[in-house]
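Participant: Following the hints, put chain X in place on chain R, whose structure we already have.
Residue numbers (this note's numbering), protein chains in the order written: chain R, 39 to 150; chain X, 735 to 848.
I should point out that these hints are in silico values taken from the structure, not numbers from a laboratory. Ideal Cβ positions, reconstructed from N, Cα and C, are used throughout, including at glycine. Hints are all accurate, no fakes.
Ranges between beta-carbon positions, derived for each pair:
(1) X:743 to R:121: 20 to 26 Å
(2) R:52 to X:848: 37 to 43 Å
(3) R:39 to X:818: 22 to 28 Å
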Amino acid sequence: GNSVTQMEGPVTLSEEAFLTINCTYTATGYPSLFWYVQYPGEGLQLLLKATKADDKGSNKGFEATYRKETTSFHLEKGSVQVSDSAVYFCALTYTGGFKTIFGAGTRLFVKA
Amino acid sequence: DAGITQSPRYKITETGRQVTLMCHQTWSHSYMFWYRQDLGHGLRLIYYSAAADITDKGEVPDGYVVSRSKTENFPLTLESATRSQTSVYFCASSGEQGRHSEAFFGQGTRLTVV
Chain R
39 GNSVTQMEGP
49 VTLSEEAFLT
59 INCTYTATGY
69 PSLFWYVQYP
79 GEGLQLLLKA
89 TKADDKGSNK
99 GFEATYRKET
109 TSFHLEKGSV
119 QVSDSAVYFC
129 ALTYTGGFKT
139 IFGAGTRLFV
149 KA
Chain X
735 DAGITQSPRY
745 KITETGRQVT
755 LMCHQTWSHS
765 YMFWYRQDLG
775 HGLRLIYYSA
785 AADITDKGEV
795 PDGYVVSRSK
805 TENFPLTLES
815 ATRSQTSVYF
825 CASSGEQGRH
835 SEAFFGQGTR
845 LTVV
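Isolated chain X (complex conformation):
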């Protein structure tokens, strides 16, 4: 299916475990983003990528790692999950740079760390 897909949709993990959230887009968009959404904080940018093998930190990168070996995939890894990382995570992509860039979002992954 065309679009941007995230997996899993729901995940429960224990404190200290490593967990990876997957993101896949079929448009060959250059730019990809990871956000977390928490009550009272809106959307916060965790990491972003301008192309394969190019990634950079957003507002709240601590405790997260990303990679982008292929244009279409942008996994987010929590190296040692903490309860404060309980959140809804959104992946997004954009095909253009500049003022006309529109972001396309996945359905989100609801992560609970117990």
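Just chain R, with the same shape it has in the complex:
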């Protein structure tokens, strides 16, 4: 079946550090891949997405590249800020489905 696995947290970084959150997936066909972010006290919101192999999604300095050969969609940011502290969810949707499959979420703490 379809599933998403992401690295366990929490991840704690100092401001301006480099961020990587790993995400791998299992899916039949050609899924679309997403990163959602949840700031404290809020619902999830879309951060970025990629709909086909080798596509790069980007937003707010975050990037992720759809790697079909490694079934991965790792989230990266070159220099994190305190305001990036949140929970990050990797997710996929798939042809013929309408439910989003979410990973377990990774909590990021950024220290000043």
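Facilitator: Using the frame of chain R, we list chain X on its own:
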């Protein structure tokens, strides 16, 4: 206001009481979802709906009831609340089927059952 709204934002109820969480979206999205979020469990799907009058169970439906008489509303009812239902509940909607569907989330309802 456009978007997806949940009410109430916070609710405290007693064990055994019935409680209804409301969800309203203004986009006329076909698909709507209820999730609960608990530490260590991520997001778990409770119920979903593909259209008005069409609902189906998700991963953790026991103890919950939904209805969808209008496209824009998708209330979630806890028939007899238990402490294990203390959680943060999120409603979401999606306008498309298939690989391009993006989910839009409400702000959540924090429910405490005492």
